[in-house]
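Place chain S on chain B using the hints.
2 protein chains.
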Amino acid sequence: MQKEIRIGLLGLGTVGSGVVRIISNHQEELYKQTGLHIHIDKILVRDTNKKREVPIAPDRLTVNAEEIIEDPEIDVIVEVMGGIEPAKQYILEALKRKKNVVTANKDLMALHGAEILRIAQQNRCDVFYEASVAGGIPILRALTDSFSSDRITKIMGIVNGTTNYILSKMSQTGADYQETLEEAQKLGYAEANPGSDVEGWDAAYKMSILSTLGFHVAMNLSEVDVKGISDVSIEDIELGKKLGYEMKLLGLAKLDDQKIEVSVQPTLVRNTHPLASVNGVYNAIYIEGEAVGETMFYGPGAGALPTATSVVSDLVSVVRNMKLGVNGQKMVAPYKEKRLKTDDEKYAKYFLRMVVADQRGVLAQMTQLFANNHISLEQVIQQPYNSGNRAEIILVTHEAAKSDLEIALATMKEMDVVSSIESCYPVVEA
Amino acid sequence: MQKEIRIGLLGLGTVGSGVVRIISNHQEELYKQTGLHIHIDKILVRDTNKKREVPIAPDRLTVNAEEIIEDPEIDVIVEVMGGIEPAKQYILEALKRKKNVVTANKDLMALHGAEILRIAQQNRCDVFYEASVAGGIPILRALTDSFSSDRITKIMGIVNGTTNYILSKMSQTGADYQETLEEAQKLGYAEANPGSDVEGWDAAYKMSILSTLGFHVAMNLSEVDVKGISDVSIEDIELGKKLGYEMKLLGLAKLDDQKIEVSVQPTLVRNTHPLASVNGVYNAIYIEGEAVGETMFYGPGAGALPTATSVVSDLVSVVRNMKLGVNGQKMVAPYKEKRLKTDDEKYAKYFLRMVVADQRGVLAQMTQLFANNHISLEQVIQQPYNSGNRAEIILVTHEAAKSDLEIALATMKEMDVVSSIESCYPVVEA
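The listed protein sequences correspond, in order, to chains B and S.
At position 300 of the first sequence (counting the first as 1) the number is 300 in my numbering, and the numbers step up by one without a gap.
Quick note, my numbering runs 1000 ahead of the 1-based positions in the second sequence.
Here chain B stands alone, though its shape is the one from the complex:
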């Protein structure tokens, strides 16, 4: 067997530069861990003349992907360019040439993971993608290896740093969404075009990957209920706090009675729950297993070096497997039948806030409406609303079916005494 492992790196942005830096700074560790020297042979970039943060010999850069994919000397492809195409085509081409792959590409793995993993297995290659979910937190390995003997029943995650930064900042400062988003953009925690983060799609990709691995089913992104944070008001955050909750963009994947639901939505989390104190750009994933009970994994969700740590640790696993000649042989494809819950099987507690006419009997009318729809109430607060002879009603329900809640909300909207339904969030207790 060779003495050196040659890597082809696709992409030299933030994560790619981190990978270069770790591989060059940690040569001793990598050699001791694998018994082989790991060497970055060629790097695909868009512009070979661009000034780079990391020192790289110019002859290692190329704009031509074929030079890397088709090079028989290259053993492993590390894909950190992001996006679906051409990343997907490069990866499939590399696998067909028996090159192992490490990728940080969550969009690609969420949308085309099943196909990529199947082709990897056919070619006896590894495809590892730890860095695609929650940057430096080794959550995929926990699901595939550490809990391999257990039955996972729930995965709850704060898996998007941008939205967690915005929501925890709003909670701390009392500033509103727009102002906080702009500050996050200035600080580089939110992108100029923040849609994929704030609308919940980034988190949905990650929850789709996590639930596929945790529940052994092939989840599709379209099966994730997604709601972003752009409508979250500072009023709701502060009302939530008074009631003992923190607002989080929470990914939830639940298995009850062999049926699954997966969602990403702004959620009020009881402040004694371990997830409630995860602030700023940190991520955390809370897992419940039948045997293990409650566990939580906390760490940096993004950033060049944390994400690159996951990439290079995957690379170490690939190289160890290469030495033993066992690449692509430990993969467990989804083997369970996927049964999704219907809305009448999805149960949650809810927080609701509405503005109503301040007249006798309205509260009774509202509570009756909930009772009629099989929803019982845990807390009811009525308080004066700041304008126009109206009152504000805040409700926290007991566990209720989503279908019942939706009927109640639709009925309320039609009622003359109801001026507006301001907000509706699921509630998670500790």
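Be aware that one or more of the hints could be misleading.
To give a feel for the contact side, a few chain S residues facing chain B, derived at Cβ under 10 angstroms [what the hints assert, rightly or not]:
#, residue
1, 1022
2, 1089
3, 1295
4, 1313
5, 1316
6, 1337
7, 1347
Hints were generated in silico from the structure; no laboratory data involved.
Built from N, CA and C at the ideal position, the CB exists for glycine as well.
Frame of chain B, contents of chain S only:
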């Protein structure tokens, strides 16, 4: 290759019963994960007639270890009997007969891990021991696989559930140590003879294992500074809370300038630090790596099923390796030179409380003493003491060398104005 993997189980106590239960309840999962049926063939017990919590055919029980160790049909030994001997002898004998081993035995791995792993490697066998540290938290795999590309610089752990239960209960109720210990014993959270837990030894074993894996050195138990919780007073817990700290029995392993210190001691942890809110019998391990930054792993530290989950997940790894014929080939033995810090290289903040004569100039004398010993103070509180014309002085220092602190303490003890030094704890900030 065979269709079935035969297990010999040594011990059928709490964890052993959990292993039997998971293997029998999760046959489908185990088969899907490994492609093989996993079957417990024989179980070593002390008394074959004892009534058991789990249903087991009596002919599978034996009091004779040789029947298991020497049985050529048995592929894997699962050791959950605990203690050093005869567990060690059984494991070594099994390895020499090319049987793979999964163990939950922290004492054994902390004291004789190096020898056992060396013999395992000679015989191309796996020895996995995830369950030996922090029950259901997959922390060993995180250190060996997930952070394999990083350089770990700090490991802080709440790794003993009994002491964490006692300290968090004291903090919540204001009851004293003795009363809380007795309650914990009644509830089964502390043993009748709680020495190994409350004196910090159980945690020291675990920190020795964690620092061996994290720093790639062969740590000895005797190199861990250990102090238990039996002297922790409710006064200090409450004073700490007022200053914004929670008292925890904290395992600390730190690498600075290639030099190591490992300790287990009651420590005041800033209440915004993620470890401060780990309460009750839960465990958590906080890890800092040069590249990954801060991460934390939280979960149940003990209990039949959580611990058994780790055991059976290790078993899955063994079986996957057996299928591929690669047992015992991924182990990375400690490869770094071990250099331990001397006391003048160990830096920490400290909390001190002492009772002094209530007379003019005493505070000045004390603060001068610290200054003379290169210790600067962050906070100084003087308050009346409840008896005998004395005052209580509470100090929080800036980072100071342990050697300087010890000289200061020794000098203080000799001073006429000092009635007693009530307490001295390291302080960890967020």
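(message) To test your reading of the hints: which numbers does this structure violate?
(response) 2, 6 and 7
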